[in-house]
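Novice: Given next are the chains, with one letter for each unit.
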Amino acid sequence: MPVTFKVNGQSKTVDVPADTPLLWVLRDTLDLKGTKFGCGIGQCSACTVHIAGEPTRACRTTIATVQGKEVTTIEGLSANGTHPVQRAWMDLDVPQCGYCQAGQIMAAAALLRKNPKPTDADIDAAMDPHLCRCATYNRIRDAIHKASTMSANNNNNNNG
Amino acid sequence: MELVNTPVSRRSFLRASALAGGGLLLGSYVLENEAWAASPAAAPPADATLNLFVKIAPDGIVTIISKNPEIGQGIKTSLPMIVAEELDVDWKDVRVEGIPLDARYTGQSAGGSTATPQNYDNMRKTGAAARAMLVAAAAQQWGVQPSECTTASGVITHTSSGKKLKYGEVAEKAAALPAPDLNTVTLKDPKNFKILGTRVPGVDNLAVVTGKPVFGIDATVPGMKYAVFEKCPVFGGKATAFNSDEIAAQPGVFKAFIVEGTPNLSGLVSGVAIVADSYWAAASARKKLKVTWDEGAHANDSSVSFQAQADAFAKGAPAQSVAKTGDADAALASAAKVVEGNYFYPFLSHAPLEPMNCTAVVKDGKAELWCSTQQAQGGQGLVARTLGLQPADVKVNIMRSGGGFGRRLASDYMADAAWIAKEAGVPVKLIWTREDDMQHDPYRAAGWHYFKGGVDAGGKLIAWKNHFVTFTQDGQRGADRAPGAGDFPHRSVPNVDIGTSMIPFNVPTGPLRAPGSNGFSFAIQSFIDEMAHAAGKDPVQFRLELLDLIPPPAPAPAGGAPGGRGGAPGASGPDPARCKGVLQAVAERSGWGKQKLEKGRGMGVAFYFSHQGYFAEVVDASVSKAGVVKVNKVWVVGDVGAQIVNLSGAENQVQGAVLDGLAEALYQEITIDKGRTVQTNFNNFPLMRMSASCEVDVYFLKTENRVTGLGEPALPPAPPALCNAIFAAIGKRIRTLPLSKQDLKWT
Chain P
1 MPVTFKVNGQ SKTVDVPADT PLLWVLRDTL DLKGTKFGCG IGQCSACTVH IAGEPTRACR
61 TTIATVQGKE VTTIEGLSAN GTHPVQRAWM DLDVPQCGYC QAGQIMAAAA LLRKNPKPTD
121 ADIDAAMDPH LCRCATYNRI RDAIHKASTM SANNNNNNNG
Chain S
161 MELVNTPVSR RSFLRASALA GGGLLLGSYV LENEAWAASP AAAPPADATL NLFVKIAPDG
221 IVTIISKNPE IGQGIKTSLP MIVAEELDVD WKDVRVEGIP LDARYTGQSA GGSTATPQNY
281 DNMRKTGAAA RAMLVAAAAQ QWGVQPSECT TASGVITHTS SGKKLKYGEV AEKAAALPAP
341 DLNTVTLKDP KNFKILGTRV PGVDNLAVVT GKPVFGIDAT VPGMKYAVFE KCPVFGGKAT
401 AFNSDEIAAQ PGVFKAFIVE GTPNLSGLVS GVAIVADSYW AAASARKKLK VTWDEGAHAN
461 DSSVSFQAQA DAFAKGAPAQ SVAKTGDADA ALASAAKVVE GNYFYPFLSH APLEPMNCTA
521 VVKDGKAELW CSTQQAQGGQ GLVARTLGLQ PADVKVNIMR SGGGFGRRLA SDYMADAAWI
581 AKEAGVPVKL IWTREDDMQH DPYRAAGWHY FKGGVDAGGK LIAWKNHFVT FTQDGQRGAD
641 RAPGAGDFPH RSVPNVDIGT SMIPFNVPTG PLRAPGSNGF SFAIQSFIDE MAHAAGKDPV
701 QFRLELLDLI PPPAPAPAGG APGGRGGAPG ASGPDPARCK GVLQAVAERS GWGKQKLEKG
761 RGMGVAFYFS HQGYFAEVVD ASVSKAGVVK VNKVWVVGDV GAQIVNLSGA ENQVQGAVLD
821 GLAEALYQEI TIDKGRTVQT NFNNFPLMRM SASCEVDVYF LKTENRVTGL GEPALPPAPP
881 ALCNAIFAAI GKRIRTLPLS KQDLKWT
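Chains as they are written, first to last, in this note's numbering: chain P, 1 to 160; chain S, 161 to 907.
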């Protein structure tokens, strides 16, 4: 079934079975490997992308439901790791294995766009769907606070 | 863990050559040959193995090869830091390159917290030797003595004349000079370190935060198809038939076939493979799969029956004695107070977030693999044996691992992919589902410790008995070896009786982060807490007094201390002074005993020595009246020797290990029923989430000891410190994990 949608600003048409999860279309059809497979049942959120700006689990989103929508993946969040969330992640050396971090970053970017000055409780609520097996949670929280300051300083957090 | 400890006869030497296009190429070799080591003047034999490559280009850029797999432990950043420090270059001028499995190298593995202790000294020497060669080349050019020159930031300065040369300008000249003897080269005084001990962000952070395809699961090869593999749910069972016509007719399916498998539970096991044009086509066809299984001899194994067998063993004497001092039974008979405690910890899954996967090309008697692995050489050997190839014909490309935790020391998924690629006749990417991963894991073995302890009227611990029940597959070796004579508190008690019994089983088991220690610590450091309360003593003070009874260790042999959990078997065990050091420091930092907490909140302490690291931890936890546990804060003090390599990575590791240990204690359990694993995914095998995490205060106590690793030793104290905090909070002693299955309600 041909489905046309926008990925990171570019229009794409894919012809795959209608029940194919967006995750596998991104990874295997469009070769965007940044979005990760962790559990397949929406428990770990490693596959989080933005659909129409909303953080969404790509493993639980069939391609048929994406027709005509705008999808942003980690590859499209910034040109070269310059999004405040990505910069804060690098500054605070958040990753250990790094496998969950694309999903974490996408969730953090969506949070900050809606809530530029989140409290710890706001962060916990937004990030709780995201598992980090290495348990880098303290640094993730700190990095979101830091990105919040950076966003406020240069106010160019329009991507994603 | 089946990893080799540092042999004492290791010897290193350096080989220099010119880099194509100008520049210096240095190879640091390791040799495990005592005869050669005894005669340093002799030429190195041909079987010497490479330990490190350093390249210094004409533009001054230094490239350091990172041979060890990066699994989140930060080794790709930390080991090159050691070289760069002694080389005296700025970190911004350093590039790090990963490499495939290469027969010329030793120790391309990640496990046992061994990479730092095995490489620290040699990498310092290599960096220092390279610096000495560059200085010598510059001195020669100026016609001065090397001793008149200094270095900083990759620049050599002739002190009196002020003349300067950059490393890149003399690199080619240096390549023609004799390489210094690594064993006599002058090292920096650590107080002049500029890189070691600082916070250096991971070298692959940009790739990670921008979603670059760096993990095993991201590999692609031309013409590749996708495979899924349904293994027999009962360990040791076999696939005998399946609806092959129906599966072959599913959209996109290329081939589907039975894999006979081998009896090795950590190798290729039996099941049905489906190879298709896309992952989703393979996964969709799998939903239609109907397999007839011969479930084999273990289809009635269950956690319930294991428990019954353990309890039956506990009624008798241990099958094997492990350590015996004095007369524990007589001492118990004469004790003022006797405590009995039956401890249990469950099977655990590793559950790295990247499920097992491997991409394989098998063609013309050769195989090439791309995968996340902790032990590429083990995988190479397994694939070679499974396919009937020579190891040299199996190439392994080591990708970044989305977590290891010991799971990727087993290479079953590599054997699967290689076999399926061979049978299908096309390159395949095999991806396990999360369910496959959780149900076919070499689990941390469950274990039982049946304790009896006695204190005399003065509160002295006079008797300690531990009947440890573990599992065995072959009737010979236990899934975990028992706590040994050197382990705490055995050397502090006059009457000790440690024995073990083994339940026959057929569940795959293997090392999980801090193997052995991750379960023993819970049992031993909880029961010692029980004995402290029986003795009417403060839990920190009680432990310190026991440590005072242990004689100091003999000096470590040249080349380093023994590895392993609590010192090698028969070795004297952990250094009591280092145990006391971390315990006293954590008591001070946490304000231990300084405040009276309300009922429902308590602090607990534990310490443990594992993988050459000494860690003590205090947990502050609350238990609501409804029985819900909340960890408020953890204080950690660790002693891993004289130097922290990368402070940022070190703190990250320790915080992660502590939260990992807490998650194990709080929620995690794998159970077996009808010969198969019950749990399937993160909905019934939970990992810690952000809202359950807490502040983890990390302090490193630097001592004049060998620099050792950090992947593992911070984990073991966390579970018992939490359980001891719960006892302090509500008076309930936790002897069975996980906590989520315990009734912690109070009024």
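Everything labelled a hint here was simulated from the structure, so no lab data went into it.
Positions of the beta carbon are idealized from the N, C-alpha and C atoms, including for glycine.
A couple of the hints might just be wrong.
As the list claims (entries may be wrong) - Listed next, the in silico EDC-like pairs over lysine to aspartate or glutamate satisfying Cα-Cα at most 16 angstroms (straight line):
(1) S:K372 - P:D28
(2) S:K790 - P:D19
(3) S:K252 - P:D91
(4) P:K146 - P:E75
(5) S:K372 - P:E75
(6) S:K447 - P:D19
Stated by the list, open to error - A few chain P residues that face chain S, going by a derived Cβ cut-off under 7 angstroms, partial list only:
(7) G40
(8) G42
(9) D93
(10) C97
(11) C100
(12) A126
(13) D128
What the hints assert, rightly or not - Now the in silico label distances, taken between C-beta atoms and shown as ranges:
(14) P:G53 - S:N844: 30 to 38 angstroms
(15) P:I41 - S:A474: 35 to 43 angstroms
(16) P:T119 - S:N792: 50 to 58 angstroms
(17) S:D524 - P:T149: 56 to 64 angstroms
(18) S:E855 - P:P116: 53 to 61 angstroms
(19) P:E70 - S:K862: 29 to 37 angstroms
(20) P:T149 - S:V498: 33 to 41 angstroms
(21) P:T149 - S:A474: 45 to 53 angstroms
(22) S:A802 - P:D19: 25 to 33 angstroms
(23) S:T831 - P:I41: 48 to 56 angstroms
(24) S:D471 - P:D19: 47 to 55 angstroms
(25) P:D91 - S:A802: 52 to 60 angstroms
Novice: Compare the structure with each hint and give your call.
Specialist: Hints, verified against the model:
1. S:K372 - P:D28: holds (14 angstroms)
2. S:K790 - P:D19: Since the Cα atoms of K790 (chain S) and D19 (chain P) sit roughly 41 angstroms apart, the hinted pair is violated (cutoff 16 angstroms).
3. S:K252 - P:D91: OK: K252 (chain S) and D91 (chain P) at ~15 angstroms, within 16 angstroms.
4. P:K146 - P:E75: violated (21 angstroms)
5. S:K372 - P:E75: holds (8 angstroms)
6. S:K447 - P:D19: OK: K447 (chain S) and D19 (chain P) at ~13 angstroms, within 16 angstroms.
7. G40: Where the cut-off is 7 angstroms and the nearest Cβ of chain S is about 6 angstroms from G40 (chain P), the hint holds.
8. G42: violated (9 angstroms)
9. D93: holds (4 angstroms)
10. C97: With Cβ-Cβ at 3 angstroms, under 7 angstroms, it holds.
11. C100: holds (5 angstroms)
12. A126: For A126 (chain P), the interface hint is violated, since the closest Cβ of chain S sits about 9 angstroms away, which is over 7 angstroms.
13. D128: Given a least distance of 5 angstroms, the restraint on D128 (chain P) holds.
14. P:G53 - S:N844: 30 to 38 angstroms: Holds - the Cβ-Cβ distance for G53 (chain P) and N844 (chain S), about 32 angstroms, lies within 30 to 38 angstroms.
15. P:I41 - S:A474: 35 to 43 angstroms: Once the Cβ atoms are compared, 39 angstroms apart, the range 35 to 43 angstroms for A474 (chain S) and I41 (chain P) holds.
16. P:T119 - S:N792: 50 to 58 angstroms: About 18 angstroms separates the Cβ atoms of T119 (chain P) and N792 (chain S), which means 50 to 58 angstroms is violated.
17. S:D524 - P:T149: 56 to 64 angstroms: Holds, at about 58 angstroms.
18. S:E855 - P:P116: 53 to 61 angstroms: violated (24 angstroms)
19. P:E70 - S:K862: 29 to 37 angstroms: Roughly 53 angstroms apart at Cβ, these two residues miss the hinted range, so it is violated.
20. P:T149 - S:V498: 33 to 41 angstroms: Given a distance of about 59 angstroms, which is not inside 33 to 41 angstroms, the answer is violated.
21. P:T149 - S:A474: 45 to 53 angstroms: violated (58 angstroms)
22. S:A802 - P:D19: 25 to 33 angstroms: Between A802 (chain S) and D19 (chain P), where Cβ atoms are some 58 angstroms apart, the hint is violated.
23. S:T831 - P:I41: 48 to 56 angstroms: violated (20 angstroms)
24. S:D471 - P:D19: 47 to 55 angstroms: Since D471 (chain S) and D19 (chain P) have Cβ atoms about 49 angstroms apart, the given range 47 to 55 angstroms holds.
25. P:D91 - S:A802: 52 to 60 angstroms: violated (29 angstroms)
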